[in-house]
Amino acid sequence: MTRALTYGALLFLSAMFIIPFYWTFITAVKSIGELYQFPPVFWPDEVMWDNFVTAWFKQPFDVYLKNSVIVVVLSTMGQLFSCSLVAFGFARFKFRGRDAIFVLLLSTMMIPWDVKMIPLYMEFNMLGWINTLKPLIVPAYFADAFFVFLLRQYIMTVPTEIDEAARMDGANSWQIYWRIHLPLMMPALVLVGTLHFMNAWNDYLGPLIYLNDQSKYTLTLGLSMFKGLNETDITSIAAITVVLCIPPLILFFFAQRYIMDGSIGSSVKG
Amino acid sequence: MSTLVVQDDVAEERHRFIEKLTPYLFISPWILGFLFFTLGPLIFSFVMGFYDWPVVGERTFVGLQNYEVMLTEDPLFWDSLWVTVKFALFFVPFNVVLGLLLAVLLNQKVIGTGVFRTIFYLPSVISGVALVTIWAWIYSHEYGILNFLLGLAGIEGPNWLGDPNWSLLAIVIASLWGLGGTMLILLTGLQSIPKELYEAARMSGVPGWARLVYITIPMLSPMLLFTLITSIISAFQQLTIALLLTKGGPLESTYFFAMYVYDNAFMYFEMGFAAANSWVMFLIILILSMLVLKSSSAWVYYEGEMNNSEAADD
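Chains as they are written, first to last, in numbering that gives the first Met the number 0: chain A, 0 to 269; chain B, 0 to 313.
Do not take every clue at face value.
Stated by the list, open to error - Covered by chain B, according to a simulated footprint, are these stretches of chain A (three or more residues, beta-carbon under 8 Å):
| id | stretch |
| --- | --- |
| 1 | 1-7 |
| 2 | 20-31 |
| 3 | 121-128 |
| 4 | 138-148 |
| 5 | 234-248 |
Unchecked claim - Heads up, simulated EDC-like pairs for lysine to aspartate or glutamate below, C-alpha to C-alpha not over 20 Å straight-line:
| id | chain 1 | residue 1 | chain 2 | residue 2 |
| --- | --- | --- | --- | --- |
| 6 | B | K246 | A | D232 |
| 7 | B | K19 | A | E163 |
| 8 | B | K19 | A | D98 |
| 9 | B | K19 | A | D162 |
| 10 | B | K19 | B | D8 |
| 11 | A | K93 | B | E12 |
For the record, the hints were derived by calculation from the structure and aren't laboratory data. Using N, Cα and C, we set each Cβ at its ideal position, and we do this for glycine too.
With the hints as extra help, turn the sequences into a complete structure.
Laid out in structure tokens, this is it:
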């Protein structure tokens, strides 16, 4: 009885989470005629794959895609390198002020983005970085607090004997980080890389504030411009939405076991 | 001989110096980032709050005037704050409770939990812009699937995004679609509760609801605290969805506080005034988080502190 109830609830809730995706997809591949039919068409007679091509050429999406890829690749590299370095520093050394600095690092996660939004804009404006991709890339080379925290928790689970043995053999701290810990923390790096990829790929407010020229737009910004350009072009909006969702979904399926194995949750507790 | 010793000393000194410096070198990326992208901006924005500060042109010191104008003369400040509070009052409890419900369902021994878990997490993976375009079409008054489904059930759906009575609720629902992160954290928490506790309770004939109230909730309370605080923070920062889905309308029914700050900064270029706005938001979030944390000693249960709390009970 309770079992049937559980399945019923799970199936019902799943439908609520899946239907919006399905609805968007079929909206993207419907013909104009079917789009405004009532009652709505749930299974289009003919799947119009061409809609994707049409939508793609309504704006310079090639350029947007290139910009998105530049931002995502460069900033992900920055996070992986800087966060692993900092996490190693916190996890493997005893130094004056370490615990205080670490608490400071954790507390920065509580600062709302809005407070930093305005002064950062002014800062980047003074540096001449407005309307370039730099504000979306450079800060990633200075270690995000949450990712440092995740990686530090991970390094802490590695026995220190490994470090000591390497030191006996004459390895210095850099070599221990680069040759031993970086390979060992690969699963955690996949998690951090995936989470950051999604943040960067999905980011809307950053590009909105820092970019002015269409030639600098990212995909999210391009999609949002659609709404301004032509409110009624539902098919194209849906098609680009589908395209925009695909990379994070693919990445999510590959990295799923790292995300779902509880690293996020257990680090909260630890 | 003696010079050799001195050289050794120098070498040793240098070695020790480098050894002392090494950890700081490792954490230096974060230190620099903290100075330039967090602490610097925080101080900068605090100072800006006391100025009339346009993006280009002369800035003038105005003391507390920005705060005065905001609190006493600008009705939009209070209106937008109220919209945000209303949103938080709906969003935060539903986010935590529904997240918990999903986590509890997934923690049952049912087939396909992996698939269900993935499905519930999917919306959390996509962009806010994509989420908005998806929901805009679902909410569409004439062609939307939501009102069609409601129609099947004999309910005449409202004009979700066009009616000020429903627009905020529409944003709450669209936001709740992304509760996968909360669910995941709570699910991890559930899985770390020792099974023996439940077995012992079952043996002594404790009914299901009592197991939830007396075992699950207390054991999960640190995670609940965390999700509660993160939900509050994200509720107060809500911007993307409202900006794109309703643009604050209709009749400013979804004009969030974050949008007020954003407009003052990037539409009217009143950087000083907007900085003052954002500090008010910062303080509100800080105070709320502190209150939740303070209250947590009454309802959060940490395993390590068992003896303490028992002693306090006596």
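Verification of the hints:
{"no.": "1", "hint": "1-7", "verdict": "holds (count 4)"}
{"no.": "2", "hint": "20-31", "verdict": "holds (count 4)"}
{"no.": "3", "hint": "121-128", "verdict": "holds (count 3)"}
{"no.": "4", "hint": "138-148", "verdict": "holds (count 6)"}
{"no.": "5", "hint": "234-248", "verdict": "holds (count 7)"}
{"no.": "6", "hint": "K246/B - D232/A", "verdict": "holds (19 Å)"}
{"no.": "7", "hint": "K19/B - E163/A", "verdict": "holds (17 Å)"}
{"no.": "8", "hint": "K19/B - D98/A", "verdict": "holds (16 Å)"}
{"no.": "9", "hint": "K19/B - D162/A", "verdict": "holds (17 Å)"}
{"no.": "10", "hint": "K19/B - D8/B", "verdict": "holds (16 Å)"}
{"no.": "11", "hint": "K93/A - E12/B", "verdict": "holds (19 Å)"}
This entry satisfies every hint, going by the numbered hints stated previously.
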